[in-house]
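In order, the protein sequences belong to chains W and B. Residue 43 in our numbering sits at position 43 of the first sequence, and the numbers go up by one each step. Residue 1198 in our numbering sits at position 198 of the second sequence, and the numbers go up by one each step.
Keep in mind that the hints were calculated from the coordinates and are not lab data. Heads up, a few of these hints could be off.
Stated by the list, open to error - In silico contact screen, one side only, chain W against chain B (beta carbon under 7 Å); selected entries:
no., residue
1, G19
2, S22
3, L91
What the hints assert, rightly or not - Covered by chain W, according to a simulated footprint, are these stretches of chain B (three or more residues, beta-carbon under 8 Å):
no., region
4, 1005 to 1014
5, 1017 to 1029
6, 1107 to 1114
To be verified - In silico DSBU-like links for lysine-lysine, alpha-carbon gap of 30 Å or less:
no., chain 1, residue 1, chain 2, residue 2
7, W, K10, W, K96
8, W, K63, B, K1159
9, B, K1208, B, K1159
10, W, K10, W, K93
11, B, K1159, B, K1012
12, B, K1012, W, K36
13, B, K1012, B, K1208
14, B, K1012, W, K93
15, W, K10, B, K1159
16, W, K36, W, K10
17, W, K96, B, K1012
18, W, K63, W, K36
19, W, K36, W, K69
20, W, K36, B, K1159
21, W, K63, W, K10
22, W, K36, W, K68
The C-beta atom is built at its ideal place from N, Cα and C for all residues, glycine as well.
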Amino acid sequence: MKNPIESLNKIFDSRIRLGVMSVLMVNERVNFNDLKQMLELTDGNLASHLNTLEQAGLISVQKGFVGKKTNTTYQATATGREAFRNHLNALEKMIKNID
Amino acid sequence: MTDQQEHISALKDIRNMMERSSRFISLSGLSGVGAGVAALVGAFLAHREFSRFDQRSFDRSAEYSAGLNGEADLEFNLIRIAVGVLAAALASGFLFTWLKARRSQLPLWDRTTRHMLVNLFVPLFAGGCFVLSLLFNSPALVSPACLVFYGLALINASKYTLTDIRYLGYLEVVLGIVNLVFPGLGLIFWTIGFGLLHILYGTVMYLKYERKSA
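Next up, chain W with everything else stripped away, as it sits in the complex (with noise of 0.2 Å):
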């Protein structure tokens, strides 16, 4: 049998990285200070993990503007939907294998 602890994803160890995935599979397009007053992070804090979501393709960004205001908004792939579950569900497993 394959060893669950191997499709646990390292780019979730990251609880922040996690908790931006949980709030974009259910939100379909989310901006940045939506983001930072759910997460309770810090602009820089933030920023930089979004940054390693985006180099991994895991979310998309779509820079715009509301009024003369930049408005940053982000959207998880169908890679990172399914990296997503992939890692649910791999702890789904971990969890009822040491019970």
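Since chain W is already given, all that's left is putting chain B on it; use the hints.
Chain B alone, transformed into the frame defined by chain W:
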């Protein structure tokens, strides 16, 4: 063992974030009770207006020749009562929900609040315009229209808040449709839908979600 606890806590985090980011969960049951009480008071005042109007109808012909219009008077007073009830219901809705959000240390105003309010008020505003026109053109339909539009608004908003509110929405719609069969009993149906159902729903919600954490 610690690994397992780590995984369980990760799953809890995920669940919590999914719920908190997509639904406005601070809506208090007491808000419903407050709105219900406001509706009962409003229904009582409206009832008094109706009986006053009925008494006056004995000498309506005299009034008519004197240039008074009792019916316009009645409609004006009903609108005044309705605006008062709406203001009181919104105020109590805001107050108890604000208290609950503060107690659970959740933001009162975020994207879930915006989503819930937009989804509630778009059908409600359309219904409001509709009802205002009915009041002058076919008053018997006022109460059914209030109930049906309000029920649909609740069903729509339930996607963004506690799902239980959906059942209140269904009940309001059904009550509104039944009211169509008894057009003369509008005030009674309105009182049941906006007064009693609100108080019942609010109490159930309060006991289900808030009493334990209070």
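Now the hints, each set against the structure:
For the restraint placing G19 of chain W at the interface with chain B, the shortest Cβ-Cβ distance is roughly 5 Å, inside the 7 Å limit, so the hint holds. Checking S22 of chain W against chain B by beta carbon gives a least distance of about 4 Å; that is within 7 Å, so the hint holds. With its C-beta approaching chain B no nearer than about 5 Å, L91 of chain W sits inside the 7 Å limit, and its interface hint holds. Coverage of a stretch by a chain is defined here by at least three residues with a beta carbon nearer than 8 Å to that chain's beta carbons; for the region 1005 to 1014 of chain B and chain W the count is 6, and the condition holds.
Beta-carbon proximity to chain W at under 8 Å applies to 5 residues in the region 1017 to 1029 of chain B; the threshold of 3 is reached and the given coverage holds. Requiring three or more residues with a Cβ within less than 8 Å of a Cβ of chain W, the coverage given for the region 1107 to 1114 of chain B holds, as 3 such residues are present. Only pairs whose Cα atoms come within 30 Å are accepted, and K10 of chain W paired with K96 of chain W is accepted, the gap being roughly 20 Å. The hinted pair formed by K63 of chain W and K1159 of chain B meets the criterion: a straight-line CA distance of about 28 Å does not exceed 30 Å.
Pair hint K1208 of chain B plus K1159 of chain B holds up; C-alpha atoms about 19 Å apart against a cutoff of 30 Å. Taking the CA atoms of K10 of chain W and K93 of chain W, the gap is about 16 Å. The hint holds against a cut of 30 Å. The straight-line distance between the Cα atoms of K1159 of chain B and K1012 of chain B is roughly 22 Å, inside the 30 Å bound, and the hint therefore holds. Pair hint K1012 of chain B plus K36 of chain W holds up; C-alpha atoms about 20 Å apart against a cutoff of 30 Å.
Simply put, K1012 of chain B and K1208 of chain B have alpha-carbon atoms about 21 Å apart, close enough for the 30 Å limit, and the pair holds. About 15 Å separates the Cα atoms of K1012 of chain B and K93 of chain W, which keeps this hinted pair within 30 Å; it holds. For the hint linking K10 of chain W to K1159 of chain B, the alpha-carbon distance of about 33 Å lies beyond 30 Å, and the restraint is violated. A distance of roughly 23 Å separates the Cα atoms of K36 of chain W and K10 of chain W; the hinted pair therefore holds under the 30 Å criterion.
Distance check on the hinted pair: K96 of chain W and K1012 of chain B sit about 15 Å apart at the alpha-carbon level, within 30 Å; holds. Between K63 of chain W and K36 of chain W the CA atoms are separated by roughly 16 Å; this keeps the pair inside 30 Å, and the hint holds. For the suggested pair K36 of chain W and K69 of chain W, the alpha carbons sit about 17 Å apart, so the restraint of at most 30 Å is met. A distance of roughly 23 Å separates the Cα atoms of K36 of chain W and K1159 of chain B; the hinted pair therefore holds under the 30 Å criterion.
Taken as a hint, the K63 of chain W and K10 of chain W pair is honoured in the structure, with Cα atoms around 27 Å apart against an allowance of 30 Å. Distance check on the hinted pair: K36 of chain W and K68 of chain W sit about 20 Å apart at the alpha-carbon level, within 30 Å; holds.
Against the hints set out earlier in the document, a violation occurs for number 15 only.
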